[in-house]
Amino acid sequence: MKQLLTILLVVFSFTSQSQCVSNQSHVISPLGIYSPGQVVTVWYTLGTFTQVNINWIIAFQINLGAGWTNLTPTNTPGNIGGSQGYWLWDIQNTYPSGLNFGPGWRFINTNPFGNPNWGTSATGPFIISFQATVGPTCTPDNLDISVNVFGDCLTGGWSNGACCTDPPYNIYTGVVLVPPVTTSNINHY
Amino acid sequence: MNYKENKQVLLALFITMMMMVTTIFTYGQTTINPDTVCASAIGEQYFVTNTPTSTYQWTVTGGGTLSTGQGSNAITVDWGAVSGLYPNAVEVIESNAAGCPGAPILLDVYVLDLSGNPIGPFCPGDPTTPLVGNPLGGTWSGTGVVANAFQPSSAGIGNYVLTYSMAGCNTTINVVVNSGPVTGPIQHY
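So the protein sequences, as listed, match chains A and B.
Residue numbering for the first sequence follows the working numbering, starting at 45 and increasing by one per position.
Residue numbering for the second sequence follows the working numbering, starting at 26 and increasing by one per position.
Just so you know, the hints here were simulated from the structure itself, not pulled from any lab data.
By construction, the Cβ of each residue, glycine as well, lies at the ideal position given by its N, Cα and C atoms.
Label pairs and their in silico Cβ distance ranges:
no.	chain 1	residue 1	chain 2	residue 2	range
1	A	N119	B	T86	53 to 61 Å
2	B	T78	A	T113	17 to 25 Å
3	B	A99	A	T118	43 to 51 Å
4	A	S66	B	T78	47 to 55 Å
5	A	G146	B	P59	54 to 62 Å
6	A	P74	B	I57	44 to 52 Å
Chain A is nowhere near these chain B residues, computed Cβ spacing over 12 Å in every case:
no.	residue
7	G88
8	L110
9	S140
10	P146
11	D151
12	P155
13	N159
14	P160
15	G162
16	V170
17	T196
18	V201
19	P206
20	V207
Next up, chain B with everything else stripped away, as it sits in the complex (with noise of 0.2 Å):
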C-alpha cells in the first residue's frame, strides 16, 4: 500500500471512529437496573432516545415528584427522603404521530439515604475505632481515617468531618479529638 492508500484507510478509520463515539454519546448511556439515587436528590434527569413525531407519557412514584419535562422525552424527578427499593418507580409510555402507545418502559429506583454512627469525643492516644456507615459497604474518608477507621494518634486534636460515601451519595459525622490535661511536673515537698 502506498501513501495515499494508507491516507485513506486512516481516513476511513477516522471517519469509523468518530461515528462510534456519536454514537456512544447520543444512545450508549445506559442505566443499570435499578438505578440508584440519593435521598433528598433535586432535578434528577432521566431520557429515553427520543422521536421527534411521539410524545412520552411519564409516571414517577415511590417518593419521587416529576418536576419537569412530562410530555417530552427527558424529565427531571425530585426524590423523597425515605430509603428504599421502589419497583417500576419511573415509567414512560411513548406515543407515536398516530396517538398509538408502546409497551411502558420502566425502571425501578433504589433510593439511598446514608447515616453514620456517631463515635468519639477521643483523646490523642486512644485506639484506633472502626467507623460504621449505614448501608455497609461504602467508603470513609477525612482526617485520621484509615481503612474506615479513625485513627485519633494520627488526626491529632481539633474538630474534623468525616465522609461515608456511596454510590455517588455522601454523608458527614462529625469527630472531636481533645487535647488531654496538661500535668506539671512532679513536686518533693
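Same shape as in the complex, but just chain A (with noise of 0.2 Å):
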C-alpha cells in the first residue's frame, strides 16, 4: 500500500521542505528555575502527524542540555490505529540514513509485510513523559529541554520525496541555578 502511494506521490508531491508535526504543546513540573538535585518531569503530546509524502512517524527524541542527568521514560507514546510493533526507549541508535538517533523514544516496526525500518502509521495524538533530574554541578550548566520528532523518511527506512523537516520544540531554556557561596570577612580575635 506504501508502495503504490509512493508512484502517486512522484506525481502529485509538490512539498519540498514540509511539516508532518502539529498541535505541539507540553506540561513541566515544577516550573523552573532549576537547582541541582531538583527533579522535573515533562509531558508532551503531539497532537497530530501529518503524513506528508506518507512519512511515518518512526522516533521522538528528547534533547537534553548537559546540566540535567538521569533521564527516565515515565509515559510510553501509544500507537492508536498504527502499525503493528512497538515504541522501544532506547539512549543511541543509528539509523540507515545515518541519524544518530537518541535518547528518546523509537518505532520497531514488526510487519512481516513491511520493512523494520518503517514508522507507524498511526497520526496521534501521541503522549510521552520522562522525568529528569539536575545534576550536581557548580557551574551554570544548559538545562534546555527540547523534542524532536522524526518520521521514517529522515530515518532512511522511507525514501518517497522530500522529508519532513520539522524543527526541535522547546520546552525550557535555562540554566542551573548555583547559589552562591559568600563567605564574611576574616576576623582575628
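Assembly of the complex is requested from the two constituent chains, each provided in isolation within its own frame, with the hints serving as guidance.
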C-alpha cells in the first residue's frame, strides 16, 4: 500500500520542505528555575502527525542540556490505529540514513510484510512523559529541553521525495541556578 | 500614651537593643586589613562567619603556621619571628554542601617585631635621654619615663625594666642608674 502511494506522490508531491508535526504542547513540573538535585517531570503531546509524502512517525528524541542527568521515561507514546510494532525506549541508535538518534522512543515496526525501518502509520495524538534530574554542578550548566519528532523518511527507512523537516519543539530554556557561596571577611580575635 | 503603652514601647526597645548587641557579638567584629600580629605570637585565632553545612580550606603564609582548625570556620596560627608585611598571608575558601567553592577571602598580615635601643648606664644627675623604639610610633613606659624619655634623676639609683609598646606588642630594655661616688668632706692638713 505504501509503495503504491509512492507512485502517486511522485506525481502530486510539490512540497519540498514539509512539516509533519502540528498541535504540540507540553507541561513541565515544577516550573523553573532549577537547582542541583531537582527532579523535573515533562509531559509532551504531539496532537497530529501529518503523513506528508507518506512519512510515518518513527521516533521521539529528547534533547537535554548538559546540566541534566538521570533521564527516565515515564510514559511511552501510544500507537492508536498504527502499524504492527512497538515503541522502544533507546539511548542511542544509528538509522540507515546515518541519523544519530537518542535518547528517546523509537518505533520498531514488526509487520512481516513491511520494513523494520518504517515507522508507524498512527497519526496521533501521542503523549510521552519523562523525568530528568538537575545534576550536581557548581557552574550554570545548560538545562534546555526540547523534543525532535522524526519521520521514517529522515531516518532512511522510507524514500519518497522530500522529508519532513520539523524543528525541535522547545520545552525549557535556562541554566542551573547555582547558589552563590558568600564568605564573610576574615576576623582576628 | 498610658503606662501600658509606654511599657510596650520600652519592651520593644529593649528587645531591639538585645538583638543589636547579639548581632555585634556574633558578626560585627571586623579586622582591619592589614591585620597586625606580634612576632612569634602563638595561637592567634582567625575566623569567618560559620555556615554549618560548609567546609573551609585555609592557607597561611608569611612565616605563619596553621596550628588548629583546618576545615572549620576558625583556626589558630603560630606566627614566625621575621617582621614585615605579608600580603594575603591568611586565605580561606569556603565550599558549600554541594562542594562548590566561593571566592577566596584574603587578609594581609603585618608581623611586628619590636625592639628598643639600649641606653645607659646612668648616674643620678645625668640629663634626660630620649628613648627610641623600632619601629617608631610606640609608647614607652616604666619608672623614670616621661614623654618617651628616661629621667635618671626621677628614677633614682637602681635597675629598671622599661617597656616599649605598639599595637598590642611589647618589648623591654634594662636600664641601670648607678650611684655616684661618695666623697668625704674636704680636709685641711
